[in-house]
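**Student:** Spelled out, the chains give:
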Amino acid sequence: MSKTLFDKVWDSHVVKHIENGPDVLFIDRHLVHEVTSPVAFLGLKNRGIKVLYPERTFATADHNTPTRNQHLPVKDPLSANQLKALEENANAHNIPYWGLGHKKNGIVHVIGPENGITVPGATIVCGDSHTSTHGAFGAIAFGIGTSEVEMVLSTQCIMQPKPKSLRINVNGELSEAVTPKDVALFIISKLSTSGATGYFAEYAGDVFKNMSMEGRMTVCNLSIEMGARGGMIAPDETTFEYIKGREYTPKGKDWDAAMEYWSTLYSDDDAEFDKEVTFDASEIEPMITFGTNPGMGIGISKDIPLAETIDGSPATYKKSLEYMDYSEGEAMVGKPIDFVFLGSCTNGRIEDFRAFASIIKGRKKADNVTAWLVPGSHKVEAAIREEGILDILTEAGFELREPGCSACLAMNDDKIPAGKYAVSTSNRNFEGRQGPGARTLLASPLVAAAAAVTGKVTDPRELMQEEVLA
Amino acid sequence: MAYDKFNILTSSAVPLPIENVDTDQIIPARFLKATERKGFGDNLFRDWRYNSDDTPKEQFVLNNPIYSGKILVGGKNFGSGSSREHAAWAVYDYGFRCVVSSFFADIFRGNCLNIGVLPVQVSPEFLDKIFKAIEADPKTELEINLPEQKITILATGESESFDINDYKKGNMLNGFDDIDYLLNIQKDIEKYAESTPL
Ligand code: SF4
Chain A
1 MSKTLFDKVW DSHVVKHIEN GPDVLFIDRH LVHEVTSPVA FLGLKNRGIK
51 VLYPERTFAT ADHNTPTRNQ HLPVKDPLSA NQLKALEENA NAHNIPYWGL
101 GHKKNGIVHV IGPENGITVP GATIVCGDSH TSTHGAFGAI AFGIGTSEVE
151 MVLSTQCIMQ PKPKSLRINV NGELSEAVTP KDVALFIISK LSTSGATGYF
201 AEYAGDVFKN MSMEGRMTVC NLSIEMGARG GMIAPDETTF EYIKGREYTP
251 KGKDWDAAME YWSTLYSDDD AEFDKEVTFD ASEIEPMITF GTNPGMGIGI
301 SKDIPLAETI DGSPATYKKS LEYMDYSEGE AMVGKPIDFV FLGSCTNGRI
351 EDFRAFASII KGRKKADNVT AWLVPGSHKV EAAIREEGIL DILTEAGFEL
401 REPGCSACLA MNDDKIPAGK YAVSTSNRNF EGRQGPGART LLASPLVAAA
451 AAVTGKVTDP RELMQEEVLA
Chain B
1 MAYDKFNILT SSAVPLPIEN VDTDQIIPAR FLKATERKGF GDNLFRDWRY
51 NSDDTPKEQF VLNNPIYSGK ILVGGKNFGS GSSREHAAWA VYDYGFRCVV
101 SSFFADIFRG NCLNIGVLPV QVSPEFLDKI FKAIEADPKT ELEINLPEQK
151 ITILATGESE SFDINDYKKG NMLNGFDDID YLLNIQKDIE KYAESTPL
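Which chain is which? The protein sequence lines are A and B, in order. Taken in order, the first sequence gives residues 1 to 470; the numbers are from the UniProt record's numbering. Taken in order, the second sequence gives residues 1 to 198; the numbers are from the UniProt record's numbering.
In isolation and in its complexed conformation, chain B is listed as follows:
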C-alpha cells in the first residue's frame, strides 16, 4: 500500500520509557477483527490508555495533553511479540511517522518500514538523552533526517546517526513498496518457480 514519502521530520515527541513494549499492548488482539485497514489508531495502547469502562486513564502519556507530536520514543526491545501489522498500522493511524528506541523486535521493525513508519534505532545513551530532554521540556523537538540518516535533539544540538539499508531508505524517500519492485521482476520469479517442485 502506498504511503507518504519520508524526508526530514521535525516534531515534538511522545515518551514511553517502558522496556519490552509488545504488540499485544500496542494493539490488543480483540481489535484485530476488521477486514479493512481503518480506525486502528483509536485502539493504539488501548488497555494502557482506557479503563475497562472506556474512560481514559489520566496518567497514561497519550492522555496527557502536554505531550504530542509525530514521533514516539519507546524503551528497549520495542514491538516484541506477534507479527500483527495492525500494531504498525495503529502507530501510523494515530499520527506517528517515526518510532525511536534503543532496540526493535525484527518483525515490528519490518512491518513499520513496509507501511511508512520509520524505526530509528539509537544507542541506549542517546535514548536516555532524549527522554531527559523531553522531561525537561515536553515541547522539545527532534529532527529525523532520513537522507543523512541522522537524529538530532534540536534544543541541545546533540545528534546521532542511525542505520537503514539503501533499498529500504529509497523506498521510504519515494513512498514505494516492495510489491512494486517484485511485480517488476516477475519473470525472474516465474523462472525460479519452474525449477522448484511443489
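Just chain A, with the same shape it has in the complex:
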C-alpha cells in the first residue's frame, strides 16, 4: 500500500495499537529542558522508577536563562532553583546535561540538529511545542506536555492517536527578500492558527526543495502556529550533507545502513493525504504581523484588513487591534517601533544572523531602537564571530548577547516593556508573550534588520534597492 512520509515513520514506531484509542509510539530521542521537566522527574521519584533509556535523552538549559553574564550565578532565585533541579535530575539519571556555559548549550531545537541528535526517520519529542522544528530532517517531531515528558522518561513511549495528514505545496520561485519565515507566516495567514489542528503537515514543492536546512527548520518550526502538531520535509541531499559527520549521527557502516533507510523516506507518488493545499511562491512578499496571533500577518506593503473582511469573530479581532493600538485600514510600513529581537529557535541560526547583517552592514542602529540579538546556541555564536558578522554588528552599534530563548517567551529579564512595539523574529505575538503588555510584530530577520536601522516598520526591499543604486 502506498504511504506518506509521515505514515512510514509513524507506522514503524508503533509498539502497540489500541482499538478506538491511541497508538503506543516509541520515541527515539527525547530533549529535556528546565521548565517542563521538574514535575515529570518528581513523578518518577514518587513512583520509585528511573529513566528507562538515558542514552536517548538529552538535557539543556535554555528557557529560563540570562543572556548576559552567564558565567555568574543566576540572580533570580526561582530560575536558579529550576536550573539546579535540572542539573540534579540529569545527574541522578545519567542524562547528558549541557548547562549554562557548556559549549554545546543553546536552545533545545537549535542544538538537536547542530549536534546530530536530529536525524531523518526518527521520532523526537520535547516539552516545547516548537519541537516541530526537527521535522525539517524528515523526522516526526512534536511538542508534549509534562505528563508526557514523564511518560517518555519512564517508558520511552507516548500514547497518541495518529493525526490526519496534510500536504502543503509551494511551487515556483520566491521573490527578492522573501525568506523561509515569510513563507511560513504566509501559509499561517492563509490557514489561520487553527487551520491545521488535528493534522501533521508535510511541506512539498520547489520552494522547500531549494531551501537550506536552516530555512526548512524555520518553516517546520512554525507548523504549530497553524495548529498542526508538526510538519516534515522529505530528507534529500541537502539533509544528508548537513548531518554528515555531526557528533551523534551514525558513522561508517552505520551511516551506510542509515542512508539505506533514509533514502526510502518520501511520500509515495500515489499516497493520499486527508487534505492538500497549494500556493504559488510568487504570491508571497516579506510578511509582518499586526495582531495578537501568528495568523494575523500580511504582506508588509499591505494595510491592516478591515474587520468585516476577516474570518472569525469581529469582537475578538477588534480586541486584538485594541491591544496593539492599531486601527483597521492603516498601513504597516512607517509604524514606529521600539525594540528589535533577533533570535529564538525560529530565527536564531547562523543564516538568520547573516541575513540580518546583510541589511545593517554600513548602516547604524536607529537611536530609538533597543536591539536584542541572541544567538540560538554557542555554536551559532562562534560562527557569528568566525564569519566576521560580529564586527559588522558592532560597527553598526549592536551588541551580541549569550544564547537562550530570551525574549521569545520572556521568562528571564529580557522582557519588552508594556505598550512598547517589538519587531521580533520569534514565533508568537500573543498578548504579553514578550512581557506583560508588550506588543509584538513577527517578521523575518531581514524585516527586523530594516526596522532596526530605520526605527520603524520598513520594507527591506527598499534598503536593498538603495544598496544596488549605491
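None of these hints come from the bench; they were simulated from the model. In this text the structure is predicted, and so the values were computed from the model without any measurement. We put the CB at the ideal spot given by N, CA and C, even for glycine. Take the hints with a grain of salt, since some may be wrong.
[As the list claims (entries may be wrong)] Straight-line distance between alpha carbons at most 25 angstroms, and here's what the computed BS3-like set of lysine-lysine pairs gives: (1) B:129 to A:415; (2) B:57 to A:84; (3) B:187 to A:16; (4) B:76 to A:319; (5) B:33 to A:162; (6) B:76 to A:45; (7) B:33 to A:84.
[Said to hold, decoys possible] Which chain A residues face chain B? A few, computed with CB under 8 angstroms, are given here: (8) 15; (9) 17; (10) 18; (11) 26; (12) 28; (13) 36; (14) 128; (15) 146; (16) 154; (17) 309; (18) 430.
Given the coordinates of chain A, work out where chain B with the ligand should sit on it, guided by the hints.
**Tutor:** Only chain B with the ligand this time, still in chain A's reference frame:
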C-alpha cells in the same frame, strides 16, 4: 499523576466568549518557574485578571462574583500555543474540571485529558446556546455526562453528544493515567527498543 475520577458533573459555568485563547493568557510564562505542581490556579489568566499592581480587574469574568462553577466555557480554538501543561494545571487548580469550547488546540486538549480536566467539544451553534443561557441566567447549570458522552443545558433541556476515545474515557472514569498502562507493557517496549538502533 493520579486525579479524581470523572463521571457526571452538574455545575454552573463561567463564560469566556473569546476566540483563540492561548496558553500564554491561561498562564503567562513568568509563572512557569516552579519545580512542583502547586499554586498555579492563583495565576490562571493572570494578566486578564489582575492589573500590573496586582489589583483585580473588576470587569474580568473570574472577578465577577455572579459567575462560578466547575465548568469553563471558552470561544473557538481554546488553548492554542505552547505545550505548557501548566495551563491545564492552572485550570484544574483553580477548580475547573471541564472546559467546553467549539474547538480545542491539540496539545492543550491532550494535556487536559492527562490531568483529569475533561475537554468537551460542541458545535458552534450549541456553544452559542450555552453562552446565551448563561447570559440569561448566570446560575444556569450544565450537566456533563461522561458515560453517555452528553452535555445538557438543564434549564432548557437542550443537549448534544461529544466525542472522546474509549481509552481516554476509561482513564477519566477510573482516574487512571497513561503511565500506569505503559509500565504494564514495558516488556513489549523493551523488545521494540532492542530492534531499534540509537
Ligand atoms: S526559543 Fe521560544 S519557542 Fe523556541 S524553544 Fe525557546 S521558548 Fe520555545
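**Student:** None of the hints should be skipped; say for each whether it holds.
**Tutor:** Now for the hints, and whether the structure bears them out:
1. Taking the CA atoms of residue 129 of chain B and residue 415 of chain A, the gap is about 40 angstroms. The hint is violated against a cut of 25 angstroms.
2. A hinted pair counts as satisfied when its Cα atoms are at most 25 angstroms apart, and residue 57 of chain B with residue 84 of chain A does not qualify at roughly 36 angstroms.
3. Of the pairs offered as hints, the one joining residue 187 of chain B and residue 16 of chain A holds, with about 12 angstroms between alpha carbons and a cut-off of 25 angstroms not exceeded.
4. With a C-alpha separation of about 15 angstroms, the suggested pairing of residue 76 of chain B with residue 319 of chain A holds against the 25 angstroms cut-off.
5. Only pairs whose Cα atoms come within 25 angstroms are accepted, and residue 33 of chain B paired with residue 162 of chain A is rejected, the gap being roughly 32 angstroms.
6. Of the pairs offered as hints, the one joining residue 76 of chain B and residue 45 of chain A is violated, with about 38 angstroms between alpha carbons and a cut-off of 25 angstroms exceeded.
7. Of the pairs offered as hints, the one joining residue 33 of chain B and residue 84 of chain A holds, with about 12 angstroms between alpha carbons and a cut-off of 25 angstroms not exceeded.
8. For the restraint placing residue 15 of chain A at the interface with chain B, the shortest Cβ-Cβ distance is roughly 5 angstroms, inside the 8 angstroms limit, so the hint holds.
9. Residue-level restraint check for residue 17 of chain A is violated (minimum Cβ-Cβ distance to chain B is 11 angstroms; threshold 8 angstroms).
10. This hint holds: residue 18 of chain A has a C-beta 5 angstroms from the nearest C-beta of chain B, less than the 8 angstroms allowed.
11. Look at residue 26 of chain A: its Cβ gets to within about 5 angstroms of chain B, closer than 8 angstroms, so that hint holds up.
12. Look at residue 28 of chain A: its Cβ gets to within about 7 angstroms of chain B, closer than 8 angstroms, so that hint holds up.
13. With 8 angstroms as the threshold, the beta carbon of residue 36 of chain A comes within range of chain B, its nearest partner Cβ sitting at about 7 angstroms, so the hint holds.
14. Taken as an interface hint, residue 128 of chain A checks out: its beta carbon lies about 6 angstroms from the nearest beta carbon of chain B, inside 8 angstroms.
15. The interface hint given for residue 146 of chain A is met, as the beta carbon of that residue sits about 4 angstroms from the closest beta carbon of chain B, less than 8 angstroms.
16. Given hint, residue 154 of chain A at the interface with chain B, holds; its Cβ is 6 angstroms from that chain's nearest Cβ, closer than 8 angstroms.
17. With 8 angstroms as the threshold, the beta carbon of residue 309 of chain A stays out of range of chain B, its nearest partner Cβ sitting at about 17 angstroms, so the hint is violated.
18. Residue-level restraint check for residue 430 of chain A holds (minimum Cβ-Cβ distance to chain B is 4 angstroms; threshold 8 angstroms).
Comparing the model with each earlier hint shows violations of hints 1, 2, 5, 6, 9, 17; every other hint is respected.
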